[in-house]
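Asker: Construct all of the structure, not just a fragment, from the sequences and the given hints.
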Amino acid sequence: MTQRSARPADTRAWLGLLAVLGPVLLVSMDGSVLFLAMPRVSRALAPSADQALWILDVYGFAVGSLLIAFGNIGDRYGRLRLLMTGAVLFGIGSAGAAFAPSAELLIAARAVMGLAGATLLPSALAVLGELFADPKRRARAIGVFAAAFAAGFAIGPVVGGVLLERFWWGSVFLVNLPVIAVFLCVAPGLLREVRATRPGRVDVVSVVTSASGLLLAVYGLKHTAAEGATASAVLAGVAGAALLTWFGVSQRRLDHPLIDFSLFRDRVFTVAVITGLLPLAAWSAVAYLAGVYLQSVLGLPVLRAALLALPGAVVLTVTCVVTPALVDRVGTRAALLACHFSIATGLLLLLPAAATGGTGWYVASTAVAGVGYGISFAVVADTAVGAVPPERAGSAGALAETGNEIGNALGIALLGSLAAVLFRLHGPGLAPTLDETLRVPGLAEAAASDARSAFVTGLRVAAAAAAALHVALGLAALRWLPRQERHWPTR
18 MTQRSARPAD TRAWLGLLAV LGPVLLVSMD GSVLFLAMPR VSRALAPSAD QALWILDVYG
78 FAVGSLLIAF GNIGDRYGRL RLLMTGAVLF GIGSAGAAFA PSAELLIAAR AVMGLAGATL
138 LPSALAVLGE LFADPKRRAR AIGVFAAAFA AGFAIGPVVG GVLLERFWWG SVFLVNLPVI
198 AVFLCVAPGL LREVRATRPG RVDVVSVVTS ASGLLLAVYG LKHTAAEGAT ASAVLAGVAG
258 AALLTWFGVS QRRLDHPLID FSLFRDRVFT VAVITGLLPL AAWSAVAYLA GVYLQSVLGL
318 PVLRAALLAL PGAVVLTVTC VVTPALVDRV GTRAALLACH FSIATGLLLL LPAAATGGTG
378 WYVASTAVAG VGYGISFAVV ADTAVGAVPP ERAGSAGALA ETGNEIGNAL GIALLGSLAA
438 VLFRLHGPGL APTLDETLRV PGLAEAAASD ARSAFVTGLR VAAAAAAALH VALGLAALRW
498 LPRQERHWPT R
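Take 18 as the starting number for the sequence shown in my numbering and just add one per residue.
Don't take every hint at face value.
[Said to hold, decoys possible] Ranges between beta-carbon positions, derived for each pair:
id : residue 1 : residue 2 : range
1  : Leu32     : Leu252    : 49 to 55 angstroms
2  : Gly459    : Phe278    : 53 to 59 angstroms
3  : Asp345    : Glu462    : 53 to 59 angstroms
4  : Ala485    : Val251    : 25 to 31 angstroms
5  : Ala371    : Val457    : 21 to 27 angstroms
These aren't lab readings, by the way, just hints derived from the structure by calculation. Keep in mind that this is a model prediction, so the values were computed, not measured. We put the CB at the ideal spot given by N, CA and C, even for glycine.
Answerer: Have a look at this one:
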């Protein structure tokens, strides 16, 4: 190919990347855009404690539980077709969420958005592979893709705060529609269809079992945290655990399993996938709890709360961009150790935060932990893929991406439920959440002070628990990861 004929192809490839980044940014941003908006949503829709948690994390559960299934479907029926369909569905879900008149309908709309997000992410990556045939340019494009995904998570609360300063809470969803409209207009001219021949078929039973088990188990956990161990919560939790156990056992017997659990025999792969899950769990839970802390405990305006989140978002994004070059110098092992210990340190900086003040500790916490979060986004996929034979790289990459999304939802489900339990035990007992308590008519100042202190206790314990998990995983990485990175990919 001549240089002149190569230039239009290069231009088309980079324009195609730019088009794809729009939906990718939205998918990641919508995992966090509600963190600062939840006090407004609570005032408008009055969700119960467990409904508030579902509004936040049903999106992540839908994305994470369906990513691998939609990856297989896209291979069979066409990635571009699935990408376009997912974009339309994401727009419909966004519009439904923006104008939802009740907590139940908002949860349903968020689930539709999550289902659409699960079609967009794997399809977008596959389309990039078609746009960039040269391995070096493809690696650079995937790096930009990863940075955009990380930036979406990081700026979600900031974007939400800026919108809420001028508009109603539904604007955080309605802003998606122009981006989706532009993508649907330009994508057919810039992107081409991509199909791959993959053995076997999508196991619908495995998809339904895994998603149902996950949702039932989390429902039981959340309901117990908010209202105590009722019979329905216990039954749901037991049923969910049973379905997940059956799913894990059945995958070992299938010729073409939805999740290849044998990959976890490799310790490097296991550390990589958990590194994709745990930082997202810590970040999502603490970002949500901190959003409530800044607004409902300290009484800050939403725009100021958003601006306080900005330094951490910048650190996270910059770290994600520069980490690949640093890994070339220090190695993946050192990068993963820095990831876990910096996140743990940042989380522990939240412990001095109090009901009477603590914005400085919050900014310091997000900045220090942001280094670890950025490293996690940048190195997890490469490490997971490099730990397995080439013929299993696709399954490894899919599991790493699934770990990210499930981690985002599990953080709010587990650590958010832990904070809810502590609020129920230490609060004034007037309502299951802080925002509901502060809206109680004729609330005495002493009771309001007790409620705020109880919430801060929950925030501290959740942050300390997440920090302890990161220290444990950092020590495991120190012991398990080889000093000589023989089987990791070289950049």
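Asker: Look at each hint and say if it fits the structure.
Answerer: Verification of the supplied hints:
{"no.": "1", "hint": "Leu32 to Leu252: 49 to 55 angstroms", "in the structure": "holds, 53 angstroms"}
{"no.": "2", "hint": "Gly459 to Phe278: 53 to 59 angstroms", "in the structure": "holds, 55 angstroms"}
{"no.": "3", "hint": "Asp345 to Glu462: 53 to 59 angstroms", "in the structure": "holds, 57 angstroms"}
{"no.": "4", "hint": "Ala485 to Val251: 25 to 31 angstroms", "in the structure": "holds, 27 angstroms"}
{"no.": "5", "hint": "Ala371 to Val457: 21 to 27 angstroms", "in the structure": "holds, 23 angstroms"}
Checked against the numbered hints above, the structure breaks none of them.
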